[in-house]
Structures are given as structure tokens and as C-alpha cells.
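Trainee: Heads up, the final residue of the sequence shown is numbered 182 in the working numbering, and it's a clean run with no missing numbers.
Hints listed in this document are in silico derivations from the structure and should not be mistaken for laboratory results. Ideal placement from N, C-alpha and C gives every residue a C-beta, glycine not left out. Please note: incorrect hints may appear among the correct ones.
Here are the in silico distance ranges between beta carbons for each label pair [as the list claims (entries may be wrong)]:
no., residue 1, residue 2, range
1, Asp-160, Glu-92, 18 to 26 Å
2, Tyr-115, Asn-55, 33 to 41 Å
3, Gly-164, Glu-92, 17 to 25 Å
4, Tyr-74, Gly-111, 17 to 25 Å
5, Thr-106, Lys-128, 30 to 38 Å
Derived lysine to aspartate or glutamate pairs resembling DMTMM-like cross-links, with alpha carbons at most 20 Å apart [unchecked claim]:
no., residue 1, residue 2
6, Lys-144, Glu-59
7, Lys-144, Glu-71
8, Lys-128, Glu-71
9, Lys-144, Asp-160
10, Lys-144, Asp-97
11, Lys-128, Asp-160
12, Lys-128, Glu-73
13, Lys-144, Asp-122
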Amino acid sequence: MNARIEAELGLLRLHYDEAEYVHTGGLHWFRVGPLRTPENWSPDAIPAVFSVTEGHPGAVPYGFYVPADLTFNGKPPSEHPAPHQPPFAGKWRFLSWQAVGWRPTADISTGSNLWGWVRSFVQRLREGQ
Numbered sequence: 054m055n056a057r058i059e060a061e062l063g064l065l066r067l068h069y070d071e072a073e074y075v076h077t078g079g080l081h082w083f084r085v086g087p088l089r090t091p092e093n094w095s096p097d098a099i100p101a102v103f104s105v106t107e108g109h110p111g112a113v114p115y116g117f118y119v120p121a122d123l124t125f126n127g128k129p130p131s132e133h134p135a136p137h138q139p140p141f142a143g144k145w146r147f148l149s150w151q152a153v154g155w156r157p158t159a160d161i162s163t164g165s166n167l168w169g170w171v172r173s174f175v176q177r178l179r180e181g182q
């Protein structure tokens, strides 16, 4: 694990009860949770999974995975074909989402980081389907 990924994982572990990391297939995978879901989503709290490439933090993160049983007003959310299947147990649904204003710096506390990326997931969920 490189120093940047190690620092990012440490930051995620400060803020989430669950923070797992796996490096496989040239991707850095993270599973974090629980994340509180906005109104009209069920269940109320979920884990989320995402990956970043070897080019992190220069490469902008894209999309994240939610449990396949997550629903919005009783219906599954819109999804896109998953570019990769997560290396974590369970069935996952891929939601399209793009980081806005991604500006990483050498110091994760002053620039964009994966904790900020995860916190943005609730914005995607607030969009509903």
C-alpha cells in the first residue's frame, strides 16, 4: 500500500466504524459504513464501496456501489453497468456519480480526499432514482 492510500484509509477509519481496504486488479477498493441514507431510502444506513485507480489522487474518482437491496420509495435506484465487481461479499449496485471540484494536494487535510468523496455520496442519494 502506498503512503497516500495508507493516509486515506487512516482518515476513513477515523470517521467510519467500518473501513476495509483491498488492492486487486490494479484498483484500490474501499468499503465504508455505516452511511446514513436520506429520507425515502431504505434501509436507513448502508455500507458503500468504491475504488480508485493506481493514479489516485490525480485520477478523479467515479461512481460507487450500494447494497443491491437499497430502495428509494420501495423501488431500486437507477444504475449503470458496473465497470468492475467489488471484492467484498454481498450483492452490489453501481450508482453513477462524479466528484465535483476534485483538487487533491500532497496533504490530504488541505485538498480533496476520499473522506470528502464518501461524504458526497449522500448528494447522489438525495437526487432519488
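Trainee: For each hint, tell me whether it holds in the structure or not.
Mentor: Cross-check of the supplied hints:
1. As the Cβ distance of Asp-160 to Glu-92 is approximately 36 Å, the hint placing it in 18 to 26 Å is violated.
2. The hinted window of 33 to 41 Å between Tyr-115 and Asn-55 is violated, with their beta carbons roughly 20 Å apart.
3. With their beta carbons about 32 Å apart, Gly-164 and Glu-92 fall outside the hinted range of 17 to 25 Å.
4. Checked against the hint of 17 to 25 Å, the pair Tyr-74 and Gly-111 passes, with Cβ atoms roughly 19 Å apart.
5. At roughly 32 Å, the beta carbons of Thr-106 and Lys-128 sit within the given window of 30 to 38 Å.
6. Restraint check: the Cα-Cα separation between Lys-144 and Glu-59 comes to about 27 Å, which exceeds 20 Å; the hinted pair is violated.
7. Only pairs whose Cα atoms come within 20 Å are accepted, and Lys-144 paired with Glu-71 is accepted, the gap being roughly 18 Å.
8. Restraint check for Lys-128 and Glu-71: the C-alpha separation of about 26 Å exceeds 20 Å, so the hint is violated.
9. With a C-alpha separation of about 35 Å, the suggested pair Lys-144 and Asp-160 falls outside the 20 Å cut-off, and the hint is violated.
10. Annotation: proposed proximity of Lys-144 to Asp-97 holds, straight-line Cα distance about 18 Å (limit 20 Å).
11. Taken as a hint, the Lys-128 and Asp-160 pair is broken in the structure, with Cα atoms around 41 Å apart against an allowance of 20 Å.
12. Of the pairs offered as hints, the one joining Lys-128 and Glu-73 is violated, with about 28 Å between alpha carbons and a cut-off of 20 Å exceeded.
13. Proximity of Lys-144 to Asp-122 is assessed by CA-CA distance (about 8 Å); at most 20 Å being required, the pair is judged to hold.
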